[in-house]
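Student: Residue-level listing of the chains:
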Amino acid sequence: MTETTTNWLAACRVEDAVENGGVCVKYGEEQIALFYFTRRNEWYATQNECPHKKQMALSRGMIGTITDEPKVACPFHKMNFSLKTGECLSGDECAIKTYPVKIEDGTVYIAVN
Amino acid sequence: MNKLKIIIIGNGMVGYKFCEKLKSKSDSFKLIIFGEEPRRAYDRVHLSEYFNGKTAEDLSMSTASWYEEQEIDLHLNNPVVEVDRAAKTVSTSSGEVYRYDFLVFATGSSAFVPHIKGIEKEGVFVYRTIDDLDLIAGYAKNAKKASVIGGGLLGLEAAKALIDLGIEETSIIEFAPRLMPRQIDMAGSEMLKSMLADLGLQIYLNKNTSSIEGETNIGGLKFSDGSELATDILVISAGIKPRDELARKCGIDVGPRGGIIVDAEMQTNDPCIFAIGECALFEEMIYGLIAPGYEMAEVLASNLCAQSKSFKSFDMSTKLKLIGIDVASFGDPFINEPDCRTIVFENKHKGIYKRINISNDGQYLLGGILIGDATAYNMLLQTSVNQILLPADPEELILGSRGGEQVGAGIESLPDAALICSCEGVTKGGICSSIIDQGCETLDDIKKCTKAGTGCGGCMPMVKDLMLHTLKAQGKYVRNVICEHFNYSRQELYDLIHIHNLKNYDDVLNEFGQSDGCEVCKPLVSSLLASLWNEMILKKGNDTAQDSNDRFLANIQKGGSYSVVPRVPGGEITPDKLIVIGEVAKKYNLYTKITGGQRIDMFGAHLNDLPIIWEELIAAGFESGHAYGKGLRTVKSCVGSTWCRFGLHDSVSFAIRIEERYRGIRAPHKFKSAVSGCIRECAEAQSKDFGIIATEKGWNLYVCGNGGSKPQHALLLAADLDSETCIKYIDRFLMFYIRTADPLTRTATWLNKMEGGMEYLRNVVINDSLGMAEKWEAEIENLVSTYQCEWKEAVENPAIRKRFSHFVNAPEDKDPTIEFVEMRGQKKTPEWKKV
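Chains A and B supply the protein sequences, listed in that same order. Residue 52 in numbering that gives the first Met the number 0 sits at position 53 of the first sequence; the count goes up by one each step and never skips. Residue 143 in numbering that gives the first Met the number 0 sits at position 144 of the second sequence; the count goes up by one each step and never skips.
So here's chain A without its partners, still in its complex pose (with noise of 0.2 angstroms):
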């Protein structure tokens, strides 16, 4: 029954995606970093700032793989992020939230609540 709670936010074309890379995406006051793993063919979304230095930037950091964890590295100090679980890769304690994506006619969405 989740299905009718979330509230899904319908944040670009999947043609607007960078393969393999981040868009930011604008929601109200928020950002969200959307990632498309072309590569791995898979979606993934997170708050678009890093906890580090609050910077809104993961959207343009580079997304890669430690040991086959899909991550993001920060384009400020190169903090790396688990993209599946917000988890800090770099030794810190910072996570950052992370939301599901969802593709339904070519339309990325993302659950923001």
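Hint data in this document are derived by calculation from the structure and do not stem from the laboratory. There could be a bad hint or two in this list.
[Stated by the list, open to error] When the alpha-carbon atoms are kept at most 25 angstroms apart in a straight line, the in silico SDA-like pairs for lysine to any residue are as follows:
#, chain 1, residue 1, chain 2, residue 2
1, A, Lys25, B, Met771
2, A, Lys52, B, Lys832
3, B, Lys557, A, Arg38
4, A, Lys77, B, Glu622
5, B, Lys349, B, Met378
6, B, Lys22, A, Gly27
7, A, Lys96, B, Met771
8, B, Lys450, B, Thr426
9, B, Lys752, B, Met771
10, A, Lys77, B, Asn554
11, A, Lys77, B, Asn503
12, B, Lys349, B, Ile202
13, A, Lys53, B, Ala55
14, B, Lys24, B, Glu68
15, A, Lys53, B, Phe111
16, A, Lys53, B, Asp608
17, A, Lys77, B, Ile202
18, B, Lys576, B, Glu622
19, B, Lys669, B, Lys752
[Claimed, not checked] Far from chain A, some chain B residues (derived; all Cβ distances over 10 angstroms):
#, residue
20, Lys87
21, Lys143
22, Asp252
23, Gly323
24, Ser412
25, Glu483
26, Lys521
27, Asp546
28, Arg550
29, Phe551
30, Lys576
31, Gly620
32, Gly697
33, Asn751
34, Glu795
35, Ile817
Being a predicted model, the structure only gives us computed values, none of them experimental. In this text, a Cβ means the ideal position worked out from N, Cα and C, and glycines have one as well.
Position chain B against the provided structure of chain A, taking the given hints into account.
Tutor: Relative to chain A, chain B alone:
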């Protein structure tokens, strides 16, 4: 379950380390810290860097959220004023009372201030805390002459800080007949003194200050020998005094000359009260260094967790860099004949003094002193601490072998118990086991696994040697492989991409890599592709494989805005173009600054504005300056023979020619150049990756210089060249560098690592010893002829241009979180937001 409460008085480095260590061992304690200063614990060892650009936040030991995450209550600006041992409570200056189960004094020390007449005058400071530094900096603005009382370690640091503040005349006054009397001998002091004098410091030894002169403000010093010295500011750094007043007040035993008496478990005469760090007195000794302080923290944390550990008298060996001069002493530096034999090496020309003390039977190293060159320090310290048998010619330990083969004590001869990282107490055995048993294969792995090198970092060269040695001994072929996705070195991958004619990152990864890449291999492969094929870097799906700055053809700045740097070849610019820069900067509200590379930076551009800004600049005849890329930055020039009465050739024209030749070429790292019109060298060409200086007969070509954090003069590659030959040699030099350097290695480091050094390089470039010259010249020619301005392509290509917007679902909106504040009539970014 109720947790046992530990109250820690003092929030310095050792107090912080204690919390970190205890938290990592056990979660059964509740920690409450009271600090007198308004700041979280910070790195006092590197305090002088505060005047060198580091902020209080940079020096901080932890993030603000660390204490919260560890559930530690931190009370800053709220010192404990009373301890009631019977009730087991403390009262703070704000009037609150807290109960403890265990109490830890980590109160540290204060500066010892001698009783000198006039010491209360304005302009007299101590050098201990960030607040002290702020006071000194504030007062120093109006000071021309400065003095420091105390020629010890801290006194010299304070003198450096005063130099950094821009005071030209700084004097050091020392009561003893030599500098650093606790660490070095008379001859060492003489050497150090002459080197410091060369740097403009006045050194007065055997001076006893009898009074401080002046009305309300200091004006000078009077000494007991009747002499005087004018000074506007005085910093006292004559030693430390343990902060034991609170302990004393509540009846804890303290030493006759101060210090809270502790046993080997750090316990005081009250079984529930402990002391660690500079306030603790162990076997009549105060330990004023960081490593023994951390060891005390470790001992106490272990014992609280029921792991028995005791503190042993600690080795006081030190190595530091004072105002750029290496100074080290280890073991017993002062032991003399007839109790030992000493070997001394002195080179006044280079400012090097080395002394080692060896046992009378010639078997063991007892101690020593190194000044001017302390590269052998780690090895010598280990040799003495671990009582390793000395080689037959122990002088080679400080002179280096003159026979070819490396002699004596290499790392392999160290016992497993040898302490490599004294900050974190990691032994050679621990490091080797992390490699052999736990499979660590990189320095990062070892750091994470053992914590070695996470303190002062001074042991890292030795850890690296140990790693390479252990891996080799295991039969592992040691290569600089790129990352977990590519089991190749940069050079190998360069050839593979070339031979297989690969043109984008994904193809390279599919062909030669595994999994899905990362922020290490992506920019590296992108750089190779650019060096090889010179295609627009944002094409063919390579955009997201570019380094963050390359991806948006601009440097991302604090706060998330970007900088715009058009190329100004040779630093020559017309009035009309200057006006365009001014107009564009005004229109888009950009901060402007002249760079060190003779061009103009515009800061604070929104991502969305970058294409339109560049469109306007390109229309006025500008092109990308590649300030964001690992490639040619600028070719500086002096005005040369066109205007200068000393100029021998037209350095500006040659600089422009060179800048336009090599612009846009991607390399393992950025590279810079300069052309000077005569030997006065106004363009500073000898600090560049390649620099050119005009001579009567042509051009002298210098290579592999570097400014930056580790300055290095460029070396003469060839003299009196004509322009064509000069360019030919630069072509070959650059291609050789691009082909063979490790990732992110500047030319200076590349040369330093090259076997055979400059002789070899000269042979390759001038004598074509590898037979590659023709090929390399053709490759450069190809790069030169295919050059295109990246920004021109980016603004003209709709698919690329589309990516320069902050929001995918609101392309017109700029990032609303970007903020600026005003400073001197322009904007700047606000400080990092507090985390």
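Student: So, against the hints stated earlier in the document, which numbers end up violated here?
Tutor: Hints 1, 3, 4, 6, 7, 15, 17, 25, 26, 27, 28, 29, 35 contradicted; others consistent.
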